[in-house]
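Colleague: Using the hints provided, position chain B relative to the given structure of chain A.
Chains as they are written, first to last, in the numbering used here: chain A, 75 to 340; chain B, 102 to 395.
Among the hints, a few may not be true.
To be verified - Using 20 Å as the maximum straight-line C-alpha spacing, the simulated SDA-like pairs for lysine to any residue come out as follows:
no.	chain 1	residue 1	chain 2	residue 2
1	A	Lys178	B	Ala307
2	A	Lys313	A	Gly295
3	A	Lys197	B	Ser297
4	A	Lys219	B	Arg107
5	A	Lys178	B	Glu303
6	B	Lys232	B	Phe261
7	A	Lys197	B	Ile302
8	A	Lys154	B	Ser312
9	A	Lys154	B	Glu303
10	A	Lys219	B	Phe261
11	B	Lys243	B	Gly179
12	A	Lys197	B	Arg298
13	A	Lys197	B	Asn116
14	A	Lys197	B	Glu303
These are calculated hints, taken from the structure and not from any lab test.
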Amino acid sequence: MDEIVPVEETAKKAPEIGFLGNAESLEVNPSGSSPLEMVGVCKTFEEGRQALTEVSVRIEKGKFVYLLGPNGAGKTTLFKLLYAAERPTLGELRVNGYEVHRLKRRQVPFLRRSLGIVFQDLKLIPRWTVFENVAFALQVLGREKKEIVRKASQGLQQVGLEGKGHFPPSQLSAGEQQRAAIARAIVNEPALLLADEPTGNIDLRAAEEIVRLFEEINSRGTTILFATHDEGLPAFLPKDRIVLEQGRIVESTLTAAAAAKLGFAG
Amino acid sequence: MGFFFRQARQNLSQNLGINVLTLGTITFAFLICGLFVTVAHNARALMEEWGGRIRITAYLVETVTAEGADRLRDQIGGLEEVQAVNFRSKEEALKTLEGKLSARTGLLKGLPRNPLPASLEIQLKPPFRDKAGVDRLAAKLKGIAEISDLQYGAEWIERFSAFILLLQILGAGGSALLLLATFLIVANTIRLNIFSRREEIEILRAVGATSLFIRAPFYLEGFFQGLVGAGLAWGLLFVLFQFFLIQVYDPLKVLFGNFSLEFLPWEYSAGFILGGVLLGVLGTRVSVGRYAKV
Numbered sequence: 075m076d077e078i079v080p081v082e083e084t085a086k087k088a089p090e091i092g093f094l095g096n097a098e099s100l101e102v103n104p105s106g107s108s109p110l111e112m113v114g115v116c117k118t119f120e121e122g123r124q125a126l127t128e129v130s131v132r133i134e135k136g137k138f139v140y141l142l143g144p145n146g147a148g149k150t151t152l153f154k155l156l157y158a159a160e161r162p163t164l165g166e167l168r169v170n171g172y173e174v175h176r177l178k179r180r181q182v183p184f185l186r187r188s189l190g191i192v193f194q195d196l197k198l199i200p201r202w203t204v205f206e207n208v209a210f211a212l213q214v215l216g217r218e219k220k221e222i223v224r225k226a227s228q229g230l231q232q233v234g235l236e237g238k239g240h241f242p243p244s245q246l247s248a249g250e251q252q253r254a255a256i257a258r259a260i261v262n263e264p265a266l267l268l269a270d271e272p273t274g275n276i277d278l279r280a281a282e283e284i285v286r287l288f289e290e291i292n293s294r295g296t297t298i299l300f301a302t303h304d305e306g307l308p309a310f311l312p313k314d315r316i317v318l319e320q321g322r323i324v325e326s327t328l329t330a331a332a333a334a335k336l337g338f339a340g
Numbered sequence: 102m103g104f105f106f107r108q109a110r111q112n113l114s115q116n117l118g119i120n121v122l123t124l125g126t127i128t129f130a131f132l133i134c135g136l137f138v139t140v141a142h143n144a145r146a147l148m149e150e151w152g153g154r155i156r157i158t159a160y161l162v163e164t165v166t167a168e169g170a171d172r173l174r175d176q177i178g179g180l181e182e183v184q185a186v187n188f189r190s191k192e193e194a195l196k197t198l199e200g201k202l203s204a205r206t207g208l209l210k211g212l213p214r215n216p217l218p219a220s221l222e223i224q225l226k227p228p229f230r231d232k233a234g235v236d237r238l239a240a241k242l243k244g245i246a247e248i249s250d251l252q253y254g255a256e257w258i259e260r261f262s263a264f265i266l267l268l269q270i271l272g273a274g275g276s277a278l279l280l281l282a283t284f285l286i287v288a289n290t291i292r293l294n295i296f297s298r299r300e301e302i303e304i305l306r307a308v309g310a311t312s313l314f315i316r317a318p319f320y321l322e323g324f325f326q327g328l329v330g331a332g333l334a335w336g337l338l339f340v341l342f343q344f345f346l347i348q349v350y351d352p353l354k355v356l357f358g359n360f361s362l363e364f365l366p367w368e369y370s371a372g373f374i375l376g377g378v379l380l381g382v383l384g385t386r387v388s389v390g391r392y393a394k395v
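Chain A on its own, in the form it takes in the complex (with noise of 0.2 Å):
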């Protein structure tokens, strides 16, 4: 991969065009150096179930954290608020300079695509190839065809899917599926990577592999969220963790300093 570009240059990448949107007119606040804040973020659901309570954290550039806790904990939750696909109820939120808690509906796309998002259901198309299911996180920023054969077969390499873009993802194993769903988000070179539960379905060779995967991109730069309730991971390879119980965050390892900021006493 590349350098990691910077979230505002990343932002005026995509060109002023009405299908794609212009990146340049939005509120990008870059300010300080952490791609993650959140500051006692709360999210109740319509029907009155309190999934995250006062959550405060910040994880700084170029971090590996994993977001751990048992199934129901919050962290899909919390991965959603992170990318707009839910709306804290109360507290402050920013991920790449954007002010995720008033971002504007027409803002949200451009905060997708500073960061790469391995979902917990891979959510790759059945009916394209794996090199099409990669490729076309590049169409949607209109970058020129040259470029997004390029990145994708770039991307593809960089996980261990050389020679296997042409198939479909029914064809690959679950872990090449996993391996492909990561090609997808880190093809844009995001500043973040969040990763919902992406061992969750795989074996602990791959598992370790898929972690081991997951290093490398972060020793190129890239600030790294990894949701799992595996507590043999961390184990395997010792990162920081926040553990999530209930909604709350009950242990973390991040630095001192960045807590008491927050005024987190975890």
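Modeller: For chain B alone, coordinates are given in the frame of chain A:
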């Protein structure tokens, strides 16, 4: 733009079943609309032809000279309701009567003089070919001293006007209902198509596609489905018209005064195709909203 075309083409071919269903629905709905419009168009043309037969005969007083009749014809011809005026002299009237009596022309020979009056046959312009129009013109003609009598079959005109009005109301109401039904069916079929691809839309949203980017291929698909659907319906309608309507109508032709059926004029055909495109695009517009929001 090439991306959207490629996407639309790929979607059309890869979701063949549901797209064939959408296309079939548009074609069928337009075929029914087209049949209705063809029948309505021909009924109206028939009525117009019959309407052309509405005329007023103004009988002139004996003392009118040939020059006077000419002047009168010009005067009446200048009235706004009037399309054409034909003068029929006393001699012509007699000749016509002789023609009608044929074998019994001898009856007329015994007459000391021609008892038939000269007359003006007045044809009305299309907007005035109803009872109100005829009454209005008749009122004006009654004020002219050289005219002794008027003849215009008031009762027949009244019925004819009522029939035309009924036809217009039924035509407009029927077309509106049919169009609404067509629109709802097509919009729902398109919605079904979009619904079947909601996961794909979700993925597009997740990687930062704008609403317009997500919608564009659907609009293109709607456009092509409307275009092809209406085009197919037009073709089928043409075939049906040539091989069925005309065959069925031919034996009945004499009942309708040898009126010849006409296929949709080109303006209607163009409107038909344009309607298909509009329907495809509008159907997409109402269906895509819920799923393509960011």
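Colleague: Among all the numbered hints in the text so far, which are the ones the structure does not match?
Modeller: Violated hint: only 10; rest satisfied.
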